[in-house]
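Engineer: Sequence:
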Amino acid sequence: MEHLRLLRRRPVLVLWLAQSLSVLGDRLYALAVMWVVYAATGSASLMGLVAVAESLPYIALGTVGRRLVSRFSSYRALACIDGARAAVALALPFLWSPDARGTALLLAGVLLLGTLGALFDPNLGALVPDLVEPERVQQITGLLDLTGRIARIAGPASIGLLLLFVSEVQLFALNGATFAVSAVALRWLARRYATAAGGAVERPGGRARPSVRAWPVLREHPRVGLAIGLHGVALFCSAVTAIGMPALLATRYGAGAAVYGLVTAVVGVGALLGNPLASNRRLGSWLPVYCGAWALQGAATACMGLVLDLPALLLLALLTGIVTPATSVTLRAHLGAFAPAERLRLMSVDQTIIRAGGTAGMLLLPLLVDASPRGAFVAGGLMVSGTALGTLLAATRLRRREAAPLAVSTASR
Numbered sequence: 001m002e003h004l005r006l007l008r009r010r011p012v013l014v015l016w017l018a019q020s021l022s023v024l025g026d027r028l029y030a031l032a033v034m035w036v037v038y039a040a041t042g043s044a045s046l047m048g049l050v051a052v053a054e055s056l057p058y059i060a061l062g063t064v065g066r067r068l069v070s071r072f073s074s075y076r077a078l079a080c081i082d083g084a085r086a087a088v089a090l091a092l093p094f095l096w097s098p099d100a101r102g103t104a105l106l107l108a109g110v111l112l113l114g115t116l117g118a119l120f121d122p123n124l125g126a127l128v129p130d131l132v133e134p135e136r137v138q139q140i141t142g143l144l145d146l147t148g149r150i151a152r153i154a155g156p157a158s159i160g161l162l163l164l165f166v167s168e169v170q171l172f173a174l175n176g177a178t179f180a181v182s183a184v185a186l187r188w189l190a191r192r193y194a195t196a197a198g199g200a201v202e203r204p205g206g207r208a209r210p211s212v213r214a215w216p217v218l219r220e221h222p223r224v225g226l227a228i229g230l231h232g233v234a235l236f237c238s239a240v241t242a243i244g245m246p247a248l249l250a251t252r253y254g255a256g257a258a259v260y261g262l263v264t265a266v267v268g269v270g271a272l273l274g275n276p277l278a279s280n281r282r283l284g285s286w287l288p289v290y291c292g293a294w295a296l297q298g299a300a301t302a303c304m305g306l307v308l309d310l311p312a313l314l315l316l317a318l319l320t321g322i323v324t325p326a327t328s329v330t331l332r333a334h335l336g337a338f339a340p341a342e343r344l345r346l347m348s349v350d351q352t353i354i355r356a357g358g359t360a361g362m363l364l365l366p367l368l369v370d371a372s373p374r375g376a377f378v379a380g381g382l383m384v385s386g387t388a389l390g391t392l393l394a395a396t397r398l399r400r401r402e403a404a405p406l407a408v409s410t411a412s413r
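Residue numbering for the sequence shown follows the working numbering, starting at 1 and increasing by one per position.
Computed Cβ-Cβ distance ranges for the label pairs, DEER-style:
id, residue 1, residue 2, range
1, 4, 63, 36 to 42 Å
2, 372, 288, 31 to 37 Å
3, 133, 60, 31 to 37 Å
4, 11, 219, 33 to 39 Å
5, 4, 250, 39 to 45 Å
6, 285, 133, 16 to 22 Å
Calculated from the structure, these hints are not laboratory results. In this text, a Cβ means the ideal position worked out from N, Cα and C, and glycines have one as well.
Whole structure, please, built from the sequences with the hints as guidance.
Structural biologist: This is the structure in structure tokens:
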């Protein structure tokens with residue numbers, strides 16, 4: 001119900017529709033680039049290289065590109081980025097050829113799109129909370145999270161139908177069209193809401209917005225640093241399920257692609273069910289909810305490696321889907337409550353950490369999956385649960401340490 005109320009506001013509706021198309025286009029692009037590379041080269045290693053290449057700009061810009069990222073903290077600048085992404089995606093079908101030159105050009109396009117995405121994502125996340133009142137930040141965060149959940153289901157479901165009419169390479173052009181629509185919507189928002197994530201009013205000259213250093217903000221808010229660290233560990237371990245699920249199904253149950261698709265769909269359905277619960281949670285203590293959700297998801301992942309029958313695995317998959325929105329929405333809504341410049345920097349740091357964690361997981365954890373799919377699920381799940389509980393314990397100790405001087409000061413009066 002809260003989502004519907006938000007969508008009655010024209011700016012929110014325009015942004016949501018544009019981002020729904022854009023995120024769906026991203027899913028089509030991610031699937032298309034893997035198909036094209038594998039069809040042309042037959043190399044799984046090159047597929048992995050493409051995934052790494054797309055994440056590298058996020059890590060690099062999040063680490064050393066603070067000032068550059070802050071230059072794009074306006075709807076006007078984001079519209080230009082999406083225009084550039086549309087041009088790159090539309091050019092790829094004309095540049096592609098099934099040889100070494102075509103593969104090199106495709107990798108260059110992936111790097112360029114990754115760079116533009118690394119500039120776009122944290123700035124959009126930092127601008128969105130300003131569209132609503134502070135008490136509705138959690139709801140609009142959940143609304144955009146729902147967009148991603150729907151895209152993860154609709155993308156793979158629609159690609160088979162689309163490939164009946166277009167080639168894999170032409171999917172890039174469809175992605176470019178979605179970016180173009182998003183650019184138009186963001187341009188409209190720039191005219192209506194001339195605000196920036198740095199807190200300043202947009203000017204035609206597009207001056208750089210004020211930027212802040214991450215370390216002083218994290219020192220002032222150590223619980224946020226702990227939460228972001230947990231996010232990185234969890235995304236590192238997520239490679240176990242992403243890579244290991246097909247191996248687990250094959251070795252444990254003798255199942256194939258159809259059952260893998262069923263498990264993926266169950267996780268997606270669970271996430272759709274869990275999104276309203278996470279979006280409409282009463283405001284209050286956020287870190288216990290965040291850590292508890294990760295601990296529960298880690299425990300469910302570990303149990304996937306231990307259960308003996310497929311229905312139990314499906315129930316666990318449903319559970320992981322239900323608790324997933326509680327992790328993403330809770331943290332991003334809390335970051336959205338910060339002042340605009342601090343919000344942008346923290347979201348950029350979070351993006352950097354999870355990209356670095358996810359990339360490291362994709363590079364390292366396949367070795368564990370090859371050795372023992374069941375053991376990989378148990379080890380990965382226990383690592384996430386243990387880190388979540390450790391984060392909550394550390395946060396509790398911090399709170400007690402901060403409360404002690406206050407209690408002493410009150411008693412002395």
